[in-house]
Amino acid sequence: MKAKNNRAIWLDRGRQMDMNILYRFDHAFSWLIPRRCLTCKSTIKPGSHPLCPICYRSLPFQTNSCRRCGQAFNADQDYCGRCLHAPPPFDACFCPFRYAEPINQQIQRFKYAARPELAKALAVTLYTEIRGIGLEMPDLLIPVPLHIHRLRSRGYNQSWLLVRELARLLDIPCSNRFIKKDRATAAQTLQSLRQRKSNVRGSFSLRRPIPARSVAIVDDVITTGSTVAEIAKILKRNGVDYVQAWGVAHTI
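If you use my numbering, the sequence shown corresponds to residues 1 to 252, in order.
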């Protein structure tokens with residue numbers, strides 16, 4: 001049984017290595033391949049955004065959203081009623097898009113269809129909007145970690161790939177060595193807010209001291225904020241003064 005388990009571990013590691021090689025190959029030789037818009041497949045100029053101008057303008061931009069939790073709401077205010085009465089442990093949230101077509105399709109391919117190379121396109125899109133509104137820059141970017149079982153199954157942590165690309169664009173340090181997911185949790189899809197909070201409670205831990213006072217937790221999609229809230233609690237308990245949650249998209 002032990003030999004079988006060891007073989008499974010090496011197969012999992014091999015799959016992760018294959019994903020990393022594919023990801024690096026795409027980066028190294030992308031300039032040799034004619035560039036096409038990710039959505040409409042029209043030809044775009046080298047060095048331009050991965051989406052053509054028409055498709056970029058068609059993205060589902062957030063209009064009114066709470067600065068604290070990122071949830072969309074119909075009011076000309078900075079904060080929603082829930083955050084005024086019971087704010088989350090993170091201090092700010094920024095998700096420039098609603099989780100709707102076509103951005104949701106790209107995220108799903110990135111996350112579930114073994115398309116790690118899409119990290120660059122999503123990071124550039126997020127970077128463009130971050131620079132556009134002049135967000136306060138953190139000292140450190142960290143991803144939402146995956147449990148080892150989920151990591152072996154998927155082959156890569158999509159949040160970490162996104163963080164690495166975004167950190168390079170913003171020229172900010174990043175690391176996946178501070179927060180660990182200790183317990184495998186059920187998928188958050190279709191769970192209520194209360195169930196999501198209960199599902200992730202106590203599932204993360206600190207691996208080492210964090211040498212930063214301001215941190216941004218980055219994920220591809222933020223829904224209720226339960227996951228980033230759980231990580232933010234750990235960061236705040238361990239000396240981080242200001243925590244932001246950044247995502248490409250926020251569910252409606």
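By construction, these hints were calculated from the structure, which means they are not laboratory data. There's no promise every hint is true.
[Stated by the list, open to error] List time: in silico DSS-like cross-link candidates among lysine-lysine, alpha-carbon distance up to 30 Å:
1. 180 to 111
2. 45 to 111
3. 111 to 41
4. 180 to 41
5. 180 to 233
6. 41 to 233
7. 180 to 236
Status of each hint after checking the structure:
1. The hinted pair formed by residue 180 and residue 111 meets the criterion: a straight-line CA distance of about 19 Å does not exceed 30 Å.
2. For the proposed pair residue 45 and residue 111, the alpha carbon gap of about 26 Å is at most 30 Å, so the pair holds.
3. Annotation: proposed proximity of residue 111 to residue 41 holds, straight-line Cα distance about 21 Å (limit 30 Å).
4. Straight-line distance between C-alpha atoms of residue 180 and residue 41 comes to about 38 Å, which puts the hinted pair past the 30 Å bound.
5. Taken as a hint, the residue 180 and residue 233 pair is honoured in the structure, with Cα atoms around 14 Å apart against an allowance of 30 Å.
6. Annotation: proposed proximity of residue 41 to residue 233 is violated, straight-line Cα distance about 43 Å (limit 30 Å).
7. For the given pair, residue 180 sits about 16 Å from residue 236 by alpha-carbon distance, which is consistent with the 30 Å threshold.
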